[in-house]
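Enquirer: Listed in order, the protein sequences are those of chains S and B. Per this note's numbering: the first sequence = residues 1 to 162. Per this note's numbering: the second sequence = residues 163 to 324.
Straight-line distance between alpha carbons at most 30 Å, and here's what the computed DSS-like set of lysine-lysine pairs gives:
no.	chain 1	residue 1	chain 2	residue 2
1	B	311	S	69
2	B	283	S	149
3	S	123	S	69
Hints were generated in silico from the structure; no laboratory data involved.
These are the residues of each chain, in order.
Number of protein chains: 2
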Amino acid sequence: MKSPIRPVDDEARAMVRDVMQSARFAALSLIDPDTGAPMVSRIALVEGPDRIPLSLISDLSQHSAALQKTPVCSLLIGEPGAKGDPLTYPRLSLQAEAGFVRHGDVAHARLAQAFLAKQPKAKLYIGFADFALVRFTPLGAHLNGGFGKAYVLDASDLTDTP
Amino acid sequence: MKSPIRPVDDEARAMVRDVMQSARFAALSLIDPDTGAPMVSRIALVEGPDRIPLSLISDLSQHSAALQKTPVCSLLIGEPGAKGDPLTYPRLSLQAEAGFVRHGDVAHARLAQAFLAKQPKAKLYIGFADFALVRFTPLGAHLNGGFGKAYVLDASDLTDTP
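Using the sequences plus the hints, can you model the full thing?
Expert: Written out as structure tokens, the structure reads:
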């Protein structure tokens, strides 16, 4: 089978930056700890400090329990526009490891501020005790920039070193 | 921990119908057969005959190879509107089993017609030898209709008996 993968170039890096900076939500894929089957949910998502994706998740959600048990997960980031074939719009399939930051943790105030700067409506519930911030440290990614534009990226293409 | 799950009612069934009938794409979550880790990609998706979700997938894609090896997967269906908090819009997290329908299979022509009726731009590539139709037979689902509106559905809530 022929490989459709292209070498990572400046066009690919620009697509990644654009997709990440525009993100307000994502699809989170993980393993259901009860069944071993894959499951996928929508989560809020913004580009956080050091370009590390940042979410706000309720402990009441099924995916929170699953992530706490198995932090390795995948995120689909990048939404199609309203016109034309949705598969011609760039999207990033990210492999990541989730880390929870809770009320009282040293990093919470700074990350909460970064989250609210991009998702101001979350101020209604970010203070609730059962809502935790979650950082998704990238392990690697597939970028699909539209038909025939596929790239494989590593962690260094995806974040800034602090 | 208190359960946020509501009993399935007519409001929930109407949300499922609306989400499915509007769908033009979805996030597909599956297990990467090489690593055992979850992965998620965007696929084209429409409501097919008998309300069974229907996609068109290239054999060159990473998710096609994974689905052929492990057909149990999950789909996130239902997109947010442009305004307000994206998490207030309904979405369906479907557990499903994928079945491939290829050129030459008895059901191909009927399903191709149903797909193109909702996704006409796919006529550019639906005839390619490496593109297969994929039916996702529902096993169950979580419906999230917005904060505090969560439902667990079974297969009978999701499809019509042929």
